[in-house]
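Colleague: Construct the entire structure; sequences and hints are all you get.
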Amino acid sequence: MAQLTADEMKQFPKVTAAEFVPNFVARYWDMMAMADGAPAQVIAENGMLADTPGFRLELVRDGSIPEDSYTTSRHEVLMVMRGHWRVDWDGGGASLGPGDVCAIPPEQTVSVAPAMSGEASLFRVTNTDDAAGPTRGLHDLPAVLRRGRD
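Going left to right, the sequence shown walks through residues 108 to 257 as the numbering used here numbers them.
Hints were generated in silico from the structure; no laboratory data involved. Accuracy of the hints is not assured; some may be wrong.
As the list claims (entries may be wrong) - In silico SDA-like links for lysine to any residue, alpha-carbon gap of 25 Å or less:
#1 Lys-117 <-> Phe-131
#2 Lys-121 <-> Thr-159
#3 Lys-121 <-> Phe-131
#4 Lys-117 <-> Ala-250
#5 Lys-117 <-> Pro-249
#6 Lys-121 <-> Ile-150
#7 Lys-121 <-> Leu-111
#8 Lys-117 <-> Phe-127
#9 Lys-121 <-> Ala-157
#10 Lys-117 <-> Asn-130
#11 Lys-121 <-> Ala-109
#12 Lys-121 <-> Ala-133
#13 Lys-121 <-> Val-251
#14 Lys-121 <-> Pro-160
#15 Lys-117 <-> Val-251
#16 Lys-121 <-> Met-155
#17 Lys-121 <-> Arg-134
#18 Lys-121 <-> Pro-249
Stated by the list, open to error - Quick list of simulated restraints, FRET-style, between CB atoms:
#19 Glu-214 <-> Pro-129: 34 to 40 Å
#20 Gly-225 <-> Thr-112: 50 to 56 Å
#21 Ala-113 <-> Asp-207: 38 to 44 Å
#22 Gly-200 <-> Asn-130: 37 to 43 Å
#23 Gly-199 <-> Asp-114: 54 to 60 Å
#24 Asp-207 <-> Arg-134: 19 to 25 Å
#25 Ala-109 <-> Val-132: 29 to 35 Å
Where is the CB? At the ideal position from N, CA and C, for every residue including glycine.
Modeller: Here it is as structure tokens:
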């Protein structure tokens, strides 16, 4: 995309912190608290950040999900935030640490559990049937960005 002109830049709304923070910021310790006993819905239709971008983002911590194996129905991507995790699947397994990413295909039987004591958290991204598109709810998409979509 070419650099925006001054006139095109004026099309972008000025967003205040009061508008932005409650709608587009989810803080780590809030996510950790919400993940007590079940994954925290971070980006989801009814998540901390309500949106339907074509995927769901959850924060999982120790105790959020059972350590028993389950079979995925959709693509899942695990992104370790803190601690070390053990992922086992039919025929293999891996230890994951902070910054590691693991893609799990649909119909895969897998177990995911912390591999250590102490703080452990990871983000789990799952595709949904939602149509991907611009984030809803704050401002209309500026005309300069709509051009490529029309």
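Colleague: Just pull the numbers of the violated hints for me, sorted ascending.
Modeller: none
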